Amino acid sequence: MLRMMKNLQYPSMQGKARGATKGCAGDENEGRRERRGEIDASEAKVPCPEQRAPVAPRHSADPEASLLVICWEEKRVTQLPMDSMKGQGGIQMLLTAEQEAQQIVAAARNLKLTRLKQAKDEAEKEVSNYRSHLDAEFKNKIAETTGSSGSTAKQLEEETEMKIRDLKDTASRVSPDIVGMLIKNVTAVKT
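Residue 193 in my numbering is what sits at position 134 of the sequence shown, and the numbering runs on without skipping anything.
Keep in mind the hints are simulated off the structure, nothing from the lab.
Check the hints yourself; a few may be wrong.
[Claimed, not checked] Taking lysine-lysine and the DSSO-like style, the derived pairs with C-alpha atoms no more than 27 Å apart in a straight line are:
| no. | residue 1 | residue 2 |
| --- | --- | --- |
| 1 | K200 | K179 |
| 2 | K213 | K227 |
| 3 | K198 | K184 |
| 4 | K184 | K200 |
| 5 | K249 | K227 |
| 6 | K134 | K171 |
| 7 | K200 | K213 |
Here the structure is a predicted model, which means the values were calculated and not measured.
Model the full assembly from the supplied sequences, consistent with the hints where possible.
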């Protein structure tokens, strides 16, 4: 994930670099620069991008020569002086920078997972609140409907009991007269 670009004279970003630049395949100066040790043969064969980055010579006496380390994930460019890149120290610095970049990427992934989990928990909480709200409304409507039908049932029961009482009262008043009429008709003989 780390890409390196060598830079000759990095004190100001605006000026052009003094010295050689990385050549395109087929560059006429390529062989001469290769012989002088300014570029590797592997560097010379790579087609150039539209904007070429300046390349530092292998054995630069320029005190301002530096190495740029670009971390694309962090969108960060680090300038390292060439003196610090000599020997194993430079490799160690690159490994350290790569490990640092991996840690930053891992931290970003963990943060993303944490945010996703938090969003999921909030969504579940919101759904449960909405569900409980709808359940409460449903229970209230059922209670209202049952309550009105219960009062209607009570009213019908009371009316039925009143009619039964009226019929019993009427039957108790009329029953002696009806019994007398039945006895009279049964005992009377017609000739």
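Hint check:
| no. | hint | result |
| --- | --- | --- |
| 1 | K200 with K179 | 32 Å, violated |
| 2 | K213 with K227 | 21 Å, holds |
| 3 | K198 with K184 | 21 Å, holds |
| 4 | K184 with K200 | 25 Å, holds |
| 5 | K249 with K227 | 35 Å, violated |
| 6 | K134 with K171 | 18 Å, holds |
| 7 | K200 with K213 | 20 Å, holds |
Checked against the numbered hints above, the structure violates hints 1, 5; every other hint is satisfied.
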